[in-house]
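> One letter stands for each residue in the lines below.
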Amino acid sequence: MSVQSPVKTWAEVIVQVLKDNHVKLVTYVPDNVLRPLIDALHADPYFTVICPAREEEAVGITTGAYMAGMRGITLMQTSGFATLPNALASLVRPYQLPLVMLISERGTLGDFQLGQAVVCRTMRPVLTSLNIEHFAIERLDDVEFVTDRMIKQAFSTLEPAAIILSPLLTKKSNTSH
Amino acid sequence: MTSSEKHAVARDAAKVMNRSALTRQVVAKLTHGEAVIGGIGHTNFDLWASGQRPQNFYMLGSMGLAIPIALGVATAQPQRQVVALEGDGSLLMQLGTLGTVAMRAPNNLLMIVWDNGVYQITGSQKTLTSHGVDLVAMARGAGLANSTWARDEAHFDALLEDALAGRGPAFIAARTDEAKPAGTTERDPVKIRMRFMEGIAG
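Residue numbers (this note's numbering), protein chains in the order written: chain V, 1 to 177; chain P, 1 to 202.
I should point out that these hints are in silico values taken from the structure, not numbers from a laboratory.
Here the structure is a predicted model, which means the values were calculated and not measured.
A portion of the hints provided could be inaccurate.
Unchecked claim - Here are a few chain P residues that face chain V, going by a calculated C-beta distance under 10 Å: (1) Met59; (2) Gly61; (3) Ile67; (4) Val73; (5) Ala76; (6) Gly99; (7) Phe196.
What the hints assert, rightly or not - Capping the alpha-carbon separation at 30 Å, the derived lysine-lysine pairs in BS3-like fashion look like this: (8) V:Lys152 - V:Lys8; (9) P:Lys15 - P:Lys29; (10) P:Lys191 - P:Lys180; (11) P:Lys191 - V:Lys24; (12) P:Lys180 - P:Lys15; (13) V:Lys152 - P:Lys191.
Built from N, CA and C at the ideal position, the CB exists for glycine as well.
Between the sequences and the hints, there should be enough to build the whole structure, so can you do that?
Laid out in structure tokens, this is it:
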């Protein structure tokens, strides 16, 4: 009987995709759902990982590093995204900066936090009004394809992108975390 | 200059100087391709008016993000000195960034804050520094030991020399007057970014 290789978790897949795309800088404001990814990034010397006080700062650091030749990604939860419209509209958009955001989707499919549930409703309208490419990943099978393609598209078109991690990925699947 | 001398100046004892003149004083010191991030408003207007170096980035929006952007540049290019120019109103909007810089402790980052105590561009409404907030004390409290008020132009010059030697993050605050900026930045963000990226490439 052959031994099957263990299925990678979504966090492990994302770590590999970031490396494959030379994304070395990670800025984030934490989220419990993102914890396995954040822990893995901190543990891997390939990455420079910075946790500033606010998501706006994280965007500033990531875009500054991009202009200086280092690719990065900014991680946050839904409520953190809600603090960003001004930075997106007055820095990322007008200067054509390929900011890649990874957002864990809170406030839907059984979240117990009322604040998260309300702020969640603002995320897609804001992304749409800023004309920012976004896609919610729901299945482990899709993690590699979607993250890889969205990162490549962002950097090749100089467009921002929001990769959303749905609770269907991060909460439902036994193999997801 | 000893550490105690550098920290001896209180805000009240700092001379009120001219932002345009001090900006030109900073630029005159930059002979090694240093990157400069000019914060929103009159801060980047005066940087623009000081001569359009290709290593300058003029931040037309995103109030408060000059230091985070500079930290990103400094992180990606540890061999290049990076200068962030910020106003008091802007820094008050993003004070946490002082702690972020202290945590990262880049050798190659100098933060300069022009403190005129007002939101000059919107009609000179008073900022919190007009009510007692001391940005050098806040920087030191955030963990940036090398933080000081510039006593006068000569002291500012000495502080610049020291900070650009690249021995750790430095924070210099200067009190400035309400004179108008010496020019207005051309509002072409894509051109600004492309020129900056070419200016600091490699």
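> Mind listing which of the numbered hints don't hold for this structure, in increasing order?
No numbers; nothing is violated.
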